[in-house]
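A.B. asks: Line by line, the protein sequences give chains L and R.
Position one of the first sequence corresponds to residue 1 (the numbering used here), numbered consecutively onward.
Position one of the second sequence corresponds to residue 1 (the numbering used here), numbered consecutively onward.
Be careful, since some hints might not be right.
One copy or two, it doesn't matter: identical chains are merged, so the pair holds either way.
[Claimed, not checked] 25 angstroms max Cα-Cα, derived DSS-like pairs, lysine-lysine:
id: 1; residue 1: 86; residue 2: 313
id: 2; residue 1: 71; residue 2: 21
id: 3; residue 1: 89; residue 2: 2
id: 4; residue 1: 247; residue 2: 210
id: 5; residue 1: 268; residue 2: 313
id: 6; residue 1: 393; residue 2: 351
id: 7; residue 1: 337; residue 2: 393
id: 8; residue 1: 92; residue 2: 81
id: 9; residue 1: 351; residue 2: 389
Hints in this document: simulated from the structure, not taken from any laboratory.
Protein chains: 2
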Amino acid sequence: MKEFTIINCSLVIVSPWEVRKGVKVHVSEGVIDGVGDYESGDILDCEGGVLMPGLVNSHTHTPMSLLRGYKDDLDLHDWLKAMWEKEEKMSKQEMNIGSEISVIEMISSGTTSFVDMYFNPEGVKELSEKYKVRAFAGETFMDSRENPEAVAKRQRSLSPSRYFRPIVNVHSLYTASLDSVRTAYEISKEQDTWVHIHLSETREEVFQIKKRTGKFPIQLLHDSGLIDRIQAVHVGWVTNQELQYLKNATHCPTSNMKLATAGAFPFKEMYTKGTNVTLGTDGAASNNSLDMFREMKTAVLVQRHSYWDLWVKASHVLQASTINGYKLVGVYGGEIKEGMVADMVILDPRKARPLSQERVISNVVYNVTGDAVRKVIVDGNVVYDDEVKERFKTRLDQLYEEGGFNG
Amino acid sequence: MKEFTIINCSLVIVSPWEVRKGVKVHVSEGVIDGVGDYESGDILDCEGGVLMPGLVNSHTHTPMSLLRGYKDDLDLHDWLKAMWEKEEKMSKQEMNIGSEISVIEMISSGTTSFVDMYFNPEGVKELSEKYKVRAFAGETFMDSRENPEAVAKRQRSLSPSRYFRPIVNVHSLYTASLDSVRTAYEISKEQDTWVHIHLSETREEVFQIKKRTGKFPIQLLHDSGLIDRIQAVHVGWVTNQELQYLKNATHCPTSNMKLATAGAFPFKEMYTKGTNVTLGTDGAASNNSLDMFREMKTAVLVQRHSYWDLWVKASHVLQASTINGYKLVGVYGGEIKEGMVADMVILDPRKARPLSQERVISNVVYNVTGDAVRKVIVDGNVVYDDEVKERFKTRLDQLYEEGGFNG
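Only chain L is shown next, with the shape it has when bound in the complex (with noise of 0.2 angstroms):
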């Protein structure tokens, strides 16, 4: 569909801050054009739906679906061994199909876009073209694995196509050099891009580095002349003095508490601050759900737990699942509003109730789960409904039948 109006919707999620009710969303060649009374082109009936902007899941790792319960909780030494035991067996094809398990997965669940780090960037940029979703991926600098030098030739040859844009993932501090960071850094410049980096998420991390270079890890980075382009995940233990550096930073929640990294992601500090706070579900080995609404509840929860406070509340992690996220990965969007990329979820109405303008966002945010998703709009494209579901369903079968990570 060239042009549609989306009608029928019981309420629209325009923003974090505004529900409306009985208006019609106009899209024309993939952007929203309109909110109001307006109707032309084909007709989208939202058959009594809530109307959201899709969801931007800022940090996973797709192939590790074939990995999701693995011997998870073993104590942390011995899963991370069994982990990267497997990891280091696990064949291109594999990572495909792991990926294609994750990409289905998060459509189903309202993710429109998500930013992936691992080492099959061309089967994820394949992936995002034949399901039609927003997908920012890239090679991933980890010294301990893979020299540096067959990386960077690797990520330089990595081209964006229509939803596929590239970006350059650092692994970790303590698995890449300096100089690592330093040429993904580079390569990022001249892609017009950002560099992708676990940062500052163990207690054990955060010492290393300091032992080892006399900083903090972001104090490193900035003082490296290197911060300006990061997007900094986890960030569980940093210093007051570092959060003015970051300009993206990316809570896992789940992931942190699971892992029992500790230490606190402060939301509210870098929030005030100006840095861009986005939200990401980790790897389904570490989460073990890549289900954003169940994420977006669970940041909301820890943040009161670290802080003893109530300052964050269901509206900022909605703003970080989409306007920030949008905003991270360079696309004009994560609001239902004139201009912008025409991203958005149907939910079922029945999962958001008592449903009402006042109390809908703390309902999506705090009772619904991905299963409540109808259907999903990516650049104009409905790209899931109940037909699609039919038909990820068998494809989901298929690969996890092929994917043959059992066990």
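Once you have looked at the hints, place chain R on chain L.
C.D. replies: Using the frame of chain L, we list chain R on its own:
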């Protein structure tokens, strides 16, 4: 069906520590009387689903589904004020509507027994018989709201029925006098039941009780000879000394986190000292979901986050929600084992993938939500399946319509 055999389960989670494959479960007169090869009576086809014990929601306030999302993110003081204003105006009929919504939601998400604190136990009793789900509810001592003698009188007239058993609720030590707790205790002896109370939930509560009586709340109940029949709910602010006294304690992780009560429920310490640790969602106004699968995951997350330790595992919270829940309510159940009540849940196996004997408990706790529930069996009756689901849908539409608590 008086006698039937459940066949074609892909996996059977017999207990938190044992998963079996290729077994049939034979049920007779509401009781499991065999797990193995034996087949007799009618057939219940699992269609490849995962069979597991039913879940016990050990703490909720069923009428509050009508208040879900109502002024949710106000500061605590304003939220409580708004909540109490609404609650004071709630009629018995509205309470029963709220309870019916909660009962339907709980059954649909795999809960087979629940423990309820509110002011409409007769209504809950009726619902338990109508829906064939095990309910444990009673009047609530809350001196600030009602004269304890009137409460005692109504409580004494409350009688058990097939699926209902009276319990005695005391709202808390800060809203009810120690005399009221004594009365509740006496009645609980007469009725052969227990006393269900919010205890040591907030710092403020502990401070007030200590200031008023010179003792910490649990210590006070112990020294007053009242602790042995107590189910203590929340227990977020507790001294080491007090832990040894608790026979039953219920963790409500989501509610405590959402309300920023902070503190820490000492799961590991209580578990290892022999307290029967159970799990509850709390009411829909503070959670806002009644899904015990989500609650199990959140319990592991907050424990690991608070204690910087991986000790609490998926199997512990599954135990808390099954075996320990049944122990609390005094019903021989919680495992799929000969002689235990036939309270079971069949899950969509697609939602627990990758599906394997080794991974299934992990995937059920960390990835599944109540939406994965296909069938629910209580006392050998199928109380939820695809057909019931349709009826529930219609009934929920009516109830939310009648509820009239929107705004």
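A.B. asks: Give a verdict on every hint.
C.D. replies: Evaluated hints:
Only between protomers do residue 86 and residue 313 lie at most 25 angstroms apart by alpha-carbon distance; the minimum there is 22 angstroms, versus 39 angstroms within a single protomer. When the C-alpha separation of residue 71 and residue 21 is checked against a cutoff of 25 angstroms, the pair qualifies only between copies, where the shortest distance is 19 angstroms, while the shortest distance within a copy is 47 angstroms. For a Cα distance limit of 25 angstroms, the shortest separation of residue 89 from residue 2 qualifies neither inside one copy, at 45 angstroms, nor across copies, at 51 angstroms. Within a single copy, residue 247 and residue 210 get their C-alpha atoms as close as 22 angstroms, which meets the 25 angstroms cut-off; across copies the closest is 47 angstroms, which misses it.
Taking the closest pair of Cα atoms, residue 268 and residue 313 come within 25 angstroms of each other only inside a single copy of the chain (10 angstroms); across copies the shortest separation is 30 angstroms, beyond that limit. For a Cα distance limit of 25 angstroms, the shortest separation of residue 393 from residue 351 qualifies both inside one copy, at 22 angstroms, and across copies, at 11 angstroms. In this homomeric assembly, residue 337 and residue 393 never come within 25 angstroms of each other (Cα to Cα): the closest approach is 33 angstroms inside a single copy and 33 angstroms across copies. In this assembly of identical chains, residue 92 and residue 81 lie within 25 angstroms of each other by CA distance solely inside one copy; the values are 20 angstroms within and 57 angstroms between copies.
Taking identical chains as interchangeable, the C-alpha atoms of residue 351 and residue 389 lie at most 25 angstroms apart whether they share a chain (18 angstroms) or sit on different chains (14 angstroms).
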